[in-house]
Amino acid sequence: MDLNRYFLIFLAAFLIQNILLIRFIALCSFFGISTSVETSVGMSLAVIFVMMVSSTLTWALWNFVLEPLGIGEFLYIPSFILVIAAFVQLEELFIKKTAPALYKAMGIYLPLITTNCAVLAAATEVAKPGFIKLSVAYHYTLPEAWVYTFGVALGYSAALLVFATLRERIDIAPVPPAMKGYPIAFITASLMSLALTGFAGLFGV
Amino acid sequence: MNGLTGEFARGVVRENPLLRLMIGLCSALAVSVKLESSLFMSLAVIFVLTMSNIVISALRRVTPENIRIPIFIVVVSSFTTIVDLVLRAYFPAIYSRLGVWIPLIVVNCIILGRAEAYAYKNNIIRSAMDGLGMGLGYTLVLLIMGFVRELIGTGAITLLGATLIHMGSRFEAPILAISFPGAFLAFGLLMGLLNKLEQRQRRAK
Amino acid sequence: MLKVTSSPHIRAQENTRYLMRWVLIALAPSALYSVYLIGTNALSVILVSVLSCLGVEVIWHNLRDGKHVSRTWWELVFLLAIPLLGMVPALGAFVQWIECVAILVVLWFEREHRFDGSAAVTGLLLAMVLPPMIPWWVPFFGAILAIAIGKEIFGGLGYNVFNPALVARAALLISWPRYLTAGWFKPVVDASTSATPLVLFKNRLGAEVSAVYGPLLFSNTGGCIGEVSAFLLLLGGLVLAWKKVIHVEIPLAYLGTMAVFAALAHNDPIFHLLAGGAMLGAWFMATDYVTSPLTTKGRILFGVGCGFITMLLRLYGKAPEGVTYAILFMNMLTPLIDRSLRPRVYGHIAKPVRGGK
Chain Z
1 MDLNRYFLIF LAAFLIQNIL LIRFIALCSF FGISTSVETS VGMSLAVIFV MMVSSTLTWA
61 LWNFVLEPLG IGEFLYIPSF ILVIAAFVQL EELFIKKTAP ALYKAMGIYL PLITTNCAVL
121 AAATEVAKPG FIKLSVAYHY TLPEAWVYTF GVALGYSAAL LVFATLRERI DIAPVPPAMK
181 GYPIAFITAS LMSLALTGFA GLFGV
Chain G
1 MNGLTGEFAR GVVRENPLLR LMIGLCSALA VSVKLESSLF MSLAVIFVLT MSNIVISALR
61 RVTPENIRIP IFIVVVSSFT TIVDLVLRAY FPAIYSRLGV WIPLIVVNCI ILGRAEAYAY
121 KNNIIRSAMD GLGMGLGYTL VLLIMGFVRE LIGTGAITLL GATLIHMGSR FEAPILAISF
181 PGAFLAFGLL MGLLNKLEQR QRRAK
Chain A
1 MLKVTSSPHI RAQENTRYLM RWVLIALAPS ALYSVYLIGT NALSVILVSV LSCLGVEVIW
61 HNLRDGKHVS RTWWELVFLL AIPLLGMVPA LGAFVQWIEC VAILVVLWFE REHRFDGSAA
121 VTGLLLAMVL PPMIPWWVPF FGAILAIAIG KEIFGGLGYN VFNPALVARA ALLISWPRYL
181 TAGWFKPVVD ASTSATPLVL FKNRLGAEVS AVYGPLLFSN TGGCIGEVSA FLLLLGGLVL
241 AWKKVIHVEI PLAYLGTMAV FAALAHNDPI FHLLAGGAML GAWFMATDYV TSPLTTKGRI
301 LFGVGCGFIT MLLRLYGKAP EGVTYAILFM NMLTPLIDRS LRPRVYGHIA KPVRGGK
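Chains as they are written, first to last, in our numbering: chain Z, 1 to 205; chain G, 1 to 205; chain A, 1 to 357.
One chain only, chain Z, in its complex shape (with noise of 0.2 Å):
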């Protein structure tokens, strides 16, 4: 396997497709999350974290039992978001019990977690290819799958990162009254949105 295609998986999973500002996915925790840049970096390491383990189970689920035995049609959305909310309470558990410190700065971000549908997306489309229309990739290998959700993960943190610091400029500027919060943050986000539709079509991604 070249390193040429993981670098163009990383590049569309991270940048050109980036989940939050192209594809819109788990919007809510960008607007929710990005009052301040601490909760965001926060976030994202949880999120960061959380993906890698379920991309790798959602990968493995797939491709040894529900392709097999042919139930993948019907049985993955449940199987998937349960063992991504398992997972997720196991390690919330764990985390508790062994590393206190860690469990501080970002335990309040895990059961959130469960609901964030790039978690979710990231960990079907290793699984089922195509699922978030990518033109890279009609099926992964373990380590290709590591390096897209590595990607998404690092896309959805540099975004959200970037968004709180732009918040918090906004935040204290004279928006008009009706625009002040979210309309103004969505204004926003529109532009950084706009700022990224030129890198469309980069290297052919």
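Don't read these hints as lab results, they were simulated from the structure.
It cannot be assumed that every hint is accurate.
DSS-like, lysine-lysine: derived pairs with alpha carbons at most 27 Å apart [as the list claims (entries may be wrong)]:
{"#": "1", "chain 1": "A", "residue 1": "K67", "chain 2": "G", "residue 2": "K205"}
{"#": "2", "chain 1": "G", "residue 1": "K196", "chain 2": "A", "residue 2": "K67"}
{"#": "3", "chain 1": "A", "residue 1": "K67", "chain 2": "Z", "residue 2": "K180"}
{"#": "4", "chain 1": "A", "residue 1": "K297", "chain 2": "A", "residue 2": "K244"}
{"#": "5", "chain 1": "Z", "residue 1": "K180", "chain 2": "G", "residue 2": "K205"}
{"#": "6", "chain 1": "Z", "residue 1": "K180", "chain 2": "G", "residue 2": "K121"}
{"#": "7", "chain 1": "A", "residue 1": "K297", "chain 2": "A", "residue 2": "K243"}
Not close to chain G: a few residues of chain Z, all C-beta gaps over 10 Å, as computed [unchecked claim]:
{"#": "8", "residue": "E73"}
{"#": "9", "residue": "A99"}
{"#": "10", "residue": "P100"}
{"#": "11", "residue": "Y103"}
{"#": "12", "residue": "W146"}
{"#": "13", "residue": "S157"}
{"#": "14", "residue": "L161"}
{"#": "15", "residue": "V162"}
{"#": "16", "residue": "I187"}
{"#": "17", "residue": "F203"}
Distance ranges between label pairs, derived from CB positions [unchecked claim]:
{"#": "18", "chain 1": "A", "residue 1": "H113", "chain 2": "G", "residue 2": "S96", "range": "48 to 56 Å"}
{"#": "19", "chain 1": "Z", "residue 1": "G32", "chain 2": "G", "residue 2": "E65", "range": "19 to 27 Å"}
{"#": "20", "chain 1": "A", "residue 1": "I270", "chain 2": "G", "residue 2": "V148", "range": "43 to 51 Å"}
{"#": "21", "chain 1": "Z", "residue 1": "I172", "chain 2": "A", "residue 2": "L235", "range": "33 to 41 Å"}
Nothing here was measured: the structure is a model prediction, and the numbers come from that model.
The beta carbon of each residue, even a glycine, is placed where N, CA and C say it ideally should be.
With chain Z held as given, fit chains G and A onto it using these hints.
For chains G and A alone, coordinates are given in the frame of chain Z:
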């Protein structure tokens, strides 16, 4: 207590899921590119939301507190799978356009949010009304967005193959309206407009 | 509504006027020269763009501050109705001039409004990144987007996050791609293909490219209005640097990075510096105070980022040019750059991680 109509009306206006509670945004922004996809997505969400509210409410006395989230998820994902399979069998063209958003109904924050905040604590009829009201609130915003964006961005409105409105050939449709940045922009402006109207109403009182 | 502003705002506005006047002076030779080379089309794009920006600013400010509200609404309706005259066949060719006159009339009614000059700069910059043969209503809507969505909705000058002119260009490029990627006046290089030099020479080597140095420097009519003469733009940029209107580290980092990148990728660095929007972007767009970092280190990083992304998009992207998106992208990162390069306060200890709400 103003009865069942109150439960119903609350979701449409005062606690509109998209404009007030800021949940369920991802699918709303993505599918509102066309009136037709808005309509089908809304129907799917109303169905899943109402049915899962009813079932969760019916099971609320036998559901143990600790594992309620996984149980909610099983219920929601069952109904999502039904919608997924039905749409794929009978409306393949619409299914392919809605794409990932049908499976992602599972993690649509509106549905799990209402299950947790409402259906788990109230009786079946009230939960059903809450589901219908919230679903209708979602539908209303989606239809407005879908109508405006399709009309401006393509210069025409088509529904199930029939052209309802055509702006004429002199109208040069700005593709911005149906692009990714346009979704954020339209939503932000819609929210700002409603805020403005609300302010005016409050001042008039 | 009570508006609270910091106290020395009259001085601040005078300062803004001074800076904006110099930017206009520095841009004037390029704009006038393109009108000389291209003719009425360039003039109409520039006039429509600048006047519309001024008009939108007046109308927005009046409605925001509650001044002459009903009159302002009428002015808004009046100006927005004029493009509909284009439907009348006999008037079709003159609508842009009618619109210009109408805006002038509105500006005369609002003559007590104090402009800080930023809207005129935005308008001129917007005109300079558009092709000259574009339908007149494209710069008109572009001006509305630039002032309303790019600037005023964020609270006006000083609070916008992105460069307004580039926001408008990017939005127009998505909206009407066929007008924005054609409509060049007269291709200098090869009259049969009607393409800009950047389109023709994408990924080519030095020898044949050096033939277009002359046209790019002095008479490139195959590009946007602002691309006619890299020499005049450079001259304007140097004037701004001499008057200390811009921070010179941004264009230097920008153009330097582009040259290095091009050389490493076996492309002709001089060609890439002269072609397309590089000069305009580096000297006039990336240097916008509001949307670029506050510290020198931050500005160098900003310029390097712009140059890198510009070349990345030019060489490996789908479109021939990348200046617009490079600057918009770095605008987006500006608060992050400022935040991470903020001078440390003495005795300040790293913030403890806060468990959020």
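These are the hints, each one checked on the structure:
1. Of the pairs offered as hints, the one joining K67 (chain A) and K205 (chain G) holds, with about 24 Å between alpha carbons and a cut-off of 27 Å not exceeded.
2. Annotation: proposed proximity of K196 (chain G) to K67 (chain A) holds, straight-line Cα distance about 18 Å (limit 27 Å).
3. Restraint check for K67 (chain A) and K180 (chain Z): satisfied, since their Cα atoms lie roughly 22 Å apart, inside the 27 Å limit.
4. At most 27 Å may separate the alpha-carbon atoms for a hinted pair to count; K297 (chain A) and K244 (chain A) meet this at roughly 18 Å.
5. Simply put, K180 (chain Z) and K205 (chain G) have alpha-carbon atoms about 22 Å apart, close enough for the 27 Å limit, and the pair holds.
6. Pair hint K180 (chain Z) plus K121 (chain G) does not hold up; C-alpha atoms about 34 Å apart against a cutoff of 27 Å.
7. A C-alpha spacing of about 21 Å is found between K297 (chain A) and K243 (chain A), which places the hinted pair at or below 27 Å, so the restraint holds.
8. The beta carbon of E73 (chain Z) is not kept farther than 10 Å from every beta carbon of chain G, the shortest such distance being approximately 8 Å.
9. Chain G leaves A99 (chain Z) outside its interface by the beta-carbon criterion, the shortest separation being 23 Å against a cut-off of 10 Å.
10. No Cβ of chain G approaches the Cβ of P100 (chain Z) within 10 Å, the least distance being about 22 Å, so the stated non-interface status holds.
11. Residue-level check passed: Y103 (chain Z) sits 19 Å from the nearest beta carbon of chain G, beyond 10 Å.
12. At the 10 Å boundary, the C-beta of W146 (chain Z) stays outside the reach of chain G, the nearest C-beta of that chain being 21 Å off.
13. Remark: the non-interface label on S157 (chain Z) is consistent with the geometry, its nearest Cβ contact in chain G lying 17 Å away (cut-off 10 Å).
14. Distance check for L161 (chain Z) against chain G: the nearest CB is about 18 Å away, which clears 10 Å, and the non-interface claim stands.
15. Here V162 (chain Z) stays apart from chain G, with its beta-carbon at least about 15 Å from theirs, past the 10 Å limit.
16. In this structure I187 (chain Z) is not separated from chain G by more than 10 Å, as the shortest Cβ-Cβ distance comes to only about 4 Å.
17. Residue-level check passed: F203 (chain Z) sits 20 Å from the nearest beta carbon of chain G, beyond 10 Å.
18. For H113 (chain A) and S96 (chain G), the hinted distance range of 48 to 56 Å is satisfied, since their beta carbons lie about 53 Å from each other.
19. For the pair G32 (chain Z) and E65 (chain G), the supplied restraint of 19 to 27 Å holds, since their beta-carbon distance comes to about 25 Å.
20. As the Cβ distance of I270 (chain A) to V148 (chain G) is approximately 48 Å, the hint placing it in 43 to 51 Å holds.
21. Taking 33 to 41 Å as the suggested C-beta distance range, the pair I172 (chain Z) and L235 (chain A) conforms, at roughly 38 Å.
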